[in-house]
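Could you put the whole structure together from the sequences, leaning on the hints where they help?
Just so you know, the sequence shown maps onto residues 1 to 371 in UniProt numbering.
To be clear, the hints were calculated from the coordinates, so they are not data collected in a lab. You may find that some hints are simply not true.
Here are the simulated lysine-lysine pairs, DSSO-like style, with alpha carbons at most 30 Å apart [said to hold, decoys possible]:
1. 93 - 182
2. 79 - 322
3. 306 - 322
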Amino acid sequence: MPTHHAIIATGLKEPLTIQRVPTATPQQHDVQVRVEWVPSAPLDVYQVDAGLMAEFPLCLGDSVAGTVTAVGTDVQRLKAGDRVFGFVFHSQKEKGQQIYVTAPDHLFGKIPDEMSLAAAATVPTNFCTAFLTLSEKLQIELPWPCPQGFVPHDQDMPILIWGAGSSVGHFAVQILKTWGYKNVIVTASPKHYEKLYRYGAAHAVDYHKTDAVESIAKLLNSRKTSEAIRVFDCVDSKFGSLLPISKIATQEGSKVAAVLPVVVGGLSDENGLQLSADVSMEADWQPGVETHSIVSYSYEANAFLKDNLMPEILPVLLSQGKIEPNSQRVIEGSTLLQRASAALDIMRSGTVSGERLVWRVWTAEEFPEYK
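The structure is reproduced here in structure tokens:
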């Protein structure tokens, strides 16, 4: 069986390694992609340092950008040579930090011609997370195709995006603007305000300030109506986001969604990284407030999203300029292992804000055998 190089985590808190793994042959609905760029994500740290959803040895990564090298017999939409991005996660053969991924074709979309692979790599996982959370969990109306002149019946409903300076936060705000929602409140560092206002935020609050909760409450109370709100927590921290949100989303009928895992204790804490899988248990929620724990990989359970999110919705929105990729910080290194290890260390530092770390997987210089 043919093999290729992959980044492998061999055990909890162990250094990354590079190993050869089997190269899967595409089945009838599969696409094989040579991976050229990937982003790093907090999940990489959670898996290596806390063992979250990890069975070692483990290949990391669930967003990729690269070139189609082979397709299954029933794949009509894509062909060898197409530039694609993918949200891939089912098994080891799909994980991103390896030369080839082989996965079902509905997990891939075509990259607009004018967009770089590095930029495209920042989009799949967190765009899909944002769309799933807003449309299904928070039940915000996002019809597709979006009818010309569409105006939501509740366009002025207050929607709070906590941690909007994050990658998923950027996509959430842009999605809401695209569908015409006008009352989007965001929390972020002030350095992100200009971009977030351009993306569609109506109000911005610095979550570092001690009066952040009070400031948001004043914005809500200024409407002189007692409304249920929708809240998307993009920070996913018990003390940094969920507890403050529980003091804001108090009206019956409010909905709060946070992407798992919830960070209860950080890497620098005495007990190390501590994670929780239940949003409802990490704050004292008022009666009648719905909470949702989001697992992004579950989006395939929604047949419409499975068939349309990556193949059509995302590529169309990007080509129309309705969605912008995240800003990128390119991680350099003379070898694949150096790039992967450097990116993981930076993610551990907790200093990434308003951008994605991206790095090359395949290069012709390092791996000429995969040309």
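Against the structure, the hints:
Our distance criterion of 30 Å between C-alpha atoms is broken by residue 93 and residue 182, whose separation comes to about 42 Å. Straight-line distance between C-alpha atoms of residue 79 and residue 322 comes to about 26 Å, which keeps the hinted pair within the 30 Å bound. The hinted pair formed by residue 306 and residue 322 meets the criterion: a straight-line CA distance of about 21 Å does not exceed 30 Å.
When the structure is compared with the earlier hints, a violation turns up for hint 1 alone.
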